[in-house]
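2 protein chains.
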Amino acid sequence: MSSPNPRKIVFIVLLSFFAFLLGVITGYFSRPVHKDSSQKLLEKLNRDGDWHLFEQFKEHVDTGYIDKVVRDLTRRPGLAGTPQQKKNAEYIFDLWQQEGLKAEIVQYNVLLSYPKGNHTNKVSLYDASGRELFTSKPQEKVLVDEEAPEEVVQPFNAYSPSGLVKGDLVYVNYGRAEDFKRLKEAGINVSGKIALARYGKIFRGNKVKFAEENGAKGVILYSDPADYCSPGDERYFPGGMWLPGSGVQRGNVVVVKGDQSTQGYPSTNYSYRPSEEEMSKQFPSIPCHPIGYDDAYFLLSSLVSGEVWQDWQGSLNFTYHLTGLLDNRTVQMDIQNENVYRPIYNVIAKISGTIEADRAVIIGCHRDAWVYGAVDPISGTAILMETARIFAKIYRSGWRPRRSIVLCSWDAEEYGLLGSYEWVEDNMKWLQNEAVTYVNIDTGIAGNYTFSSRTVPLLHDAVYKATMELPSPYDSSITLYQDWRSKSESRNELLPHPKIQPIGAGSDHTPFIALVGIPSTYSKYIGYIVDGKVIPINDYPLYHTRYEQYELLKMIDPGYTLAKIVTLFNCELIRQLVDARILPLNVRTYAGVIALNSRRLEKLRTAFTENNVEYDEFLASTERLKTAARIFHQKIVHLDQNNPLQVRMINDKLQSVERAFIVPEGLPLRPMYRHLLQSPSGLNYYGGTGFPGLEDLLELPDSDPEKWPQIRKHITILTHSIYSLATFLERD
Amino acid sequence: MSSPNPRKIVFIVLLSFFAFLLGVITGYFSRPVHKDSSQKLLEKLNRDGDWHLFEQFKEHVDTGYIDKVVRDLTRRPGLAGTPQQKKNAEYIFDLWQQEGLKAEIVQYNVLLSYPKGNHTNKVSLYDASGRELFTSKPQEKVLVDEEAPEEVVQPFNAYSPSGLVKGDLVYVNYGRAEDFKRLKEAGINVSGKIALARYGKIFRGNKVKFAEENGAKGVILYSDPADYCSPGDERYFPGGMWLPGSGVQRGNVVVVKGDQSTQGYPSTNYSYRPSEEEMSKQFPSIPCHPIGYDDAYFLLSSLVSGEVWQDWQGSLNFTYHLTGLLDNRTVQMDIQNENVYRPIYNVIAKISGTIEADRAVIIGCHRDAWVYGAVDPISGTAILMETARIFAKIYRSGWRPRRSIVLCSWDAEEYGLLGSYEWVEDNMKWLQNEAVTYVNIDTGIAGNYTFSSRTVPLLHDAVYKATMELPSPYDSSITLYQDWRSKSESRNELLPHPKIQPIGAGSDHTPFIALVGIPSTYSKYIGYIVDGKVIPINDYPLYHTRYEQYELLKMIDPGYTLAKIVTLFNCELIRQLVDARILPLNVRTYAGVIALNSRRLEKLRTAFTENNVEYDEFLASTERLKTAARIFHQKIVHLDQNNPLQVRMINDKLQSVERAFIVPEGLPLRPMYRHLLQSPSGLNYYGGTGFPGLEDLLELPDSDPEKWPQIRKHITILTHSIYSLATFLERD
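Going down the list, the sequences are from chains L and G.
According to the UniProt record's numbering, the stretch in the first sequence is residues 1 to 732, in order.
According to the UniProt record's numbering, the stretch in the second sequence is residues 1 to 732, in order.
Take these hints with a grain of salt, some might be off.
The list treats identical chains as interchangeable, and a pair is accepted whether it falls inside one copy or across any two copies.
Calculated pairs, DSS-like style, for lysine-lysine (alpha carbon to alpha carbon, straight line, at most 25 Å) [unchecked claim]:
| id | residue 1 | residue 2 |
| --- | --- | --- |
| 1 | Lys564 | Lys350 |
| 2 | Lys350 | Lys635 |
| 3 | Lys281 | Lys707 |
| 4 | Lys201 | Lys487 |
| 5 | Lys350 | Lys181 |
| 6 | Lys58 | Lys8 |
| 7 | Lys102 | Lys635 |
| 8 | Lys137 | Lys166 |
| 9 | Lys393 | Lys102 |
| 10 | Lys533 | Lys201 |
| 11 | Lys44 | Lys86 |
| 12 | Lys141 | Lys8 |
| 13 | Lys635 | Lys393 |
| 14 | Lys635 | Lys603 |
| 15 | Lys137 | Lys393 |
| 16 | Lys86 | Lys350 |
| 17 | Lys86 | Lys603 |
Just so you know, the hints here were simulated from the structure itself, not pulled from any lab data.
All chains should be modelled from the sequences, with the hints used to inform the complete structure.
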């Protein structure tokens, strides 16, 4: 062996060292460090919504599909309980199945109302000798070609009882509580007479109820040109969008919603039904019938006693009078309607959530119409269908929602929200636990002036946010939100958002919000622009007439520009609700609205004090709720969003906020409505106020010994509910 | 340079190779692989309950503490609304604070009832000339030294109205519906007479109600030795546990629970209260008063008309007669009670859950007593206190529960569950969402023969499981479960478990289960063993008398052996409910019980068929529920328990099962009870049956035209609820 060479030793040491180093590096990086399953699972569970989805909505939205649905569904009348309506349900079902959605048709058997057999309902005018001077026309004129004119139901008011009544006439303006009050003050007796009321301002069922309470023996409803035409503009349908003299608004006249034969439970095949006699209490006791203004002309112009007040004057070309038929003429109503049990069909489809399948965002629109219903509800049904198609498409391309989406096509809404009520009653148990929100569509495009929304306060922010993502259909340089705001009165100066109306009870959201406490929203386009001028009209003039034909919708929204915007709005709103890690429900807004409304009662302070109503405690509860909501919001801000249970716990609270105002006993005078705040106003079922139960009680006469005790009790219940919600938010 | 030496080269290569290898190993293992935060978080969220905790319960349980609580709380009478009861609340509060529990005293202002001022309520017997032959004793004798005998309230029935009534007497046995029916059949008129009813079998409030319905003008309640003594055994208190002739059972006589002045909402300082007149409808309209058997002797022995049926004969030494006072004697009741508003005090403590703080297991026991209440409720309060102390102790040593525990000491239970009702009404909103179960304690040690339990079907398994963990107090070689089973009738042959009673409405679980649908359970020791012999008695003889003193409890459970077992039972039950990853609520058991009960109605099939009741559909719904429950159980078995949201989703469903039977309108004839299945029987508020609403309706006379329509409707509602629950379980 040769002696060790120092240079060789250095070489060997260095070589070994580098070999070792190389080994360390190799070893270190060869160790598998791919994400472990825990991390993957948490990443999946904690995924937040993806804003970019909105780009896909815009890409996919197809006005061709909207047009196809509108065309197909307006070809023949879609009256609930008719064979055509069953076909329409199958049509929706087929389209959804084709898109890959799991759909089902859900049938209920409900009590509907139709003109009886071959009888023609009519209103006639007789002279003193009993000679007929005039009889109302049995049907509206055909103005645009129809495929099956024989299927058009004659004008009638659903659930009006049959009756042959004869007598003097009294004009009651819009038939509101205030109108009857004014007549009373003027010494005009309604009792024993037939009331002639113009449509508009409030729900027709309320008009009939007030007339009945005032002793009328019949009600004739008519559409006055003042409310359904534009002065001097003679472009009546089909030349334009104004109501022709032959057009008649149909509609039901019941104030209690849902199937009258199964109040409180669903109309299944095994369900108990009360006797006819028992049920008759729920219907008006006096006959009621609608006519057009061509016919109304003969009646109104025969009145000669008592010139009307200025704001009671309509647009027919004579001075209106309150009562007193010329030359002892008499008016006769000859009405024969019948209530019959018929099957109705909801179509329901579901896209299951992948992370929280047990949380559901529900979207629905009714499908039935009085006649063709191009506007009400087909403009909305087309929006529902296009929304469904878009979600089905992005689902097929791989998108998976966090929560579930339930899509609903309701039947028999026109008869008093029957399809949705029976379904909600049928599904009450899981809805109570698992429904996050209900997004309603009905008439989607009533007009073309401005976006408008009826929404519970919890969802205000989500609605605003969605409109901020969208361009204005009229000016793509501004957002839909900006366009809407420029056309809306501000809610108040501190919150310069466009005004959102209370949710009311005018459509299928009612059972969701007023029975179960599911936060609800309903948006549409309203108002008319004619020749660049904004026309202030109540609803759209052809509402519930035979003339809601395909041609009408094409006039209002020629290229479906608005239908497209409302579709995108609904898509974006649903995206937020379905995918956002933290539900976009704002408790602070709700607390703010409640506090604001409670302070508006300040004008009643004297009455409250005199009657020992604990108003200050009530105010205190709303302030405590505001504080609790603020602190709760801070909790959300500082939440460990990496912990899926913490996120779920926050969402569970958010989801239950609206439920806190559901009381099992219902409102004191209207137990069928269980929501203390979001139930409709008792004076007008389309409307909605801050404290509907209180409003009902305040309307009681002061002579009623129960008035103030009941108000005291109701204020206790309101105060307690508000404190309860605060406690609920304050808890861990 | 010398030429390369091959051996050197091999050496260098090998050396480098080994250096590299060493490097690889070093590098590989030097890479940090500690558990990452995701894994830690998931491990924490997915932690299951720890069985070993039970060993700690056994180690910590301290009969000394139990004895201290019993001694301290039985020193002076603990009547609700008295200063002493406020002190007792503070006593509990202090003990809990000392243990480190976050406690609070929650006050309500409620309507209580007491004998009026200095008046002594009495029952007297007069001869035909009006001479007084006998008057009931104003107070029970003092038999064991008392610290403050002047604080003992005279025997009375709370909420009995005042009244001075005089007349003939009629013996009505236990005063059950069947007893009054038998009298009627025998032609004995109760109307206009004073009814004398013995205590036992059913709730005293129901006896008074039936007497009132049968036209009685007053009710005297007494304890017959047949029900409260043992034949031939003269060991009366304090020489033994039998009722002395002087002992009187106090108790309230209202059938609607909770504060009568605030039905449906809590009794806060701002709450509306109806007028006295309005409220009087809720109280009996006839006076009612309790006496002992020494006094009853004089009344009963004066009856001479109509020998009683064999099963109506009590143990006083003469033959009982139904009515007809000897020599035209008359009986007089002179009762003066008053209803007054008084504060009551619940004590509430909370241990917050660390994983799901928003899920709460509630345990409670009342604290108020008619006099000393050593058995009712102090035996239970001591168990509650020891349970709380054990949980506080293990909390201090580091244990953290998954869910929250809420501990409650209720006031004014004896007046109709006031403390618990007002609290539940006050906390309704979060309870509906967040309460998992309610574990009731009341009387913990009523006897010493056998363990017994009143529990909803969902919790049967959890109760059985807890008793399987415990040794029998009498034979440590067998479990408590085995001992219990050997002393119990089997429920049926297929399920040879010991019998569990329906939950009924006899204690503070009532608002939890019957208003909100929170699964509830209540267990205690019952029955007497005297000289090694089992004595079949209704409840314990000294119930609600002055003699429920410390000495009595020491006789029943000398070394607190049983109190210790019941404490450990409650600890183990709560441990399961609080810590188990999947809630121990068994839907299959519930579905099985419902199906079984529905098939028991088979005997009514003919009547159902004749009256068009959809009985087959009802049966079908129970079968579908059974299937749904079985499939749901499979879902639990195959659940990915590593996914905390999947676990929560299953638990959310389990927690809501009981709520599915809550209907807002309540039972058809008793709207104050909202649970279709777990509400008490209308015939006896201590009891409970399968379908209480149906049972009420079946009791209506066949002449009532509403009877069968109402039954048809109620079967619809039952069927629908069962289908709804099935749908809820079947959904994702």
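Item to complete: Give me the numbers of the hints this structure contradicts, sorted from smallest to largest.
Response: Going through the list in order, the structure violates hints 5, 6, 11, 12, 13, 14, 15 and 17 and respects the others.
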